[in-house]
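Colleague: Sequence:
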Amino acid sequence: MSELKLAIQLKNVDYLYSQRKWMRKTTYKALENVNLDIYKGETLGIEGRNGSGKSTLLKLLAGIYEPEKGSIERFGNHVSLQTLSAGFDVELSGEDNALIGAMLLGHSRKEAKVKRHEIQELSELGDKFFEPVKTYSAGMRARLGFATAITMNTDVLLIDEVLGVGDAAFRRKAERIIKQKTMSDMTVVIVSHSRATLEALSDRIITIKDCKLHKVEERAE
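Going by full-length UniProt numbering, the first residue of the sequence shown is number 1, and it counts up by one from there.
Please note: incorrect hints may appear among the correct ones.
[Claimed, not checked] Here are the simulated DSBU-like pairs of lysine-lysine, each with C-alpha atoms no more than 35 Å apart in a straight line:
id, residue 1, residue 2
1, Lys173, Lys128
2, Lys25, Lys179
3, Lys59, Lys5
4, Lys59, Lys69
Keep in mind the hints are simulated off the structure, nothing from the lab. As the structure is a computational prediction, the values presented were derived from the model and not from experiment.
Could you put together the complete structure from these sequences and hints?
Modeller: Encoded structure:
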């Protein structure tokens, strides 16, 4: 990162989950007092045990969840969240889903059509690109979602375990593309159980433990 410009800022953020069982409603804290600055052109890695709040944090960053307390400022940046359960219309083809995904990222249909061959090539789907997504494996869906978001140049890309599926060759290619994109000011936030992936890509790695930011680790250049 050459110049530190904020992409997203969290101040004193809490998030609560509510669970109703029978006639009783139980509320518990998913994240507590999170303060975090995320910079343009940064790749931020997030690690922690299952249930620690990693995916919740990504949904807060994306605006899917609203904090119970505190504030989140996105400074006008467009944020895209890619998960293994990304909202594809499984009856439509990979091509149609890529076009819809690109338009949801703020691009015109014309712009999306120009990029569709690049998305097809990057996703490595071949002729499956034109078949219904319901015929895809989890890895194929992950590649389609990643290829669409990274090709259409969203400001902030949030990746929830997407790089943990598929073959090693595609992961290496995705890692190389992420490094290229962050050099042009795209911000990437990655949740992964793979320490090796986080170390290979991240400028910083944060650890979430017991619903709090437990540690922030600066990576060497």
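Colleague: Are the hints correct? Go through all of them and say.
Modeller: Okay, the hints, checked on the actual structure:
Taking the CA atoms of Lys173 and Lys128, the gap is about 20 Å. The hint holds against a cut of 35 Å. The hinted pair formed by Lys25 and Lys179 fails the criterion: a straight-line CA distance of about 45 Å is larger than 35 Å. For the hint pairing Lys59 with Lys5, the CA-to-CA distance comes to about 22 Å; that is within 35 Å, so the pair holds. Among the hinted pairs, Lys59 with Lys69 is consistent with the structure: their alpha-carbon atoms are about 15 Å apart, no more than 35 Å.
Hint 2 from the list above is the single one not met by this structure.
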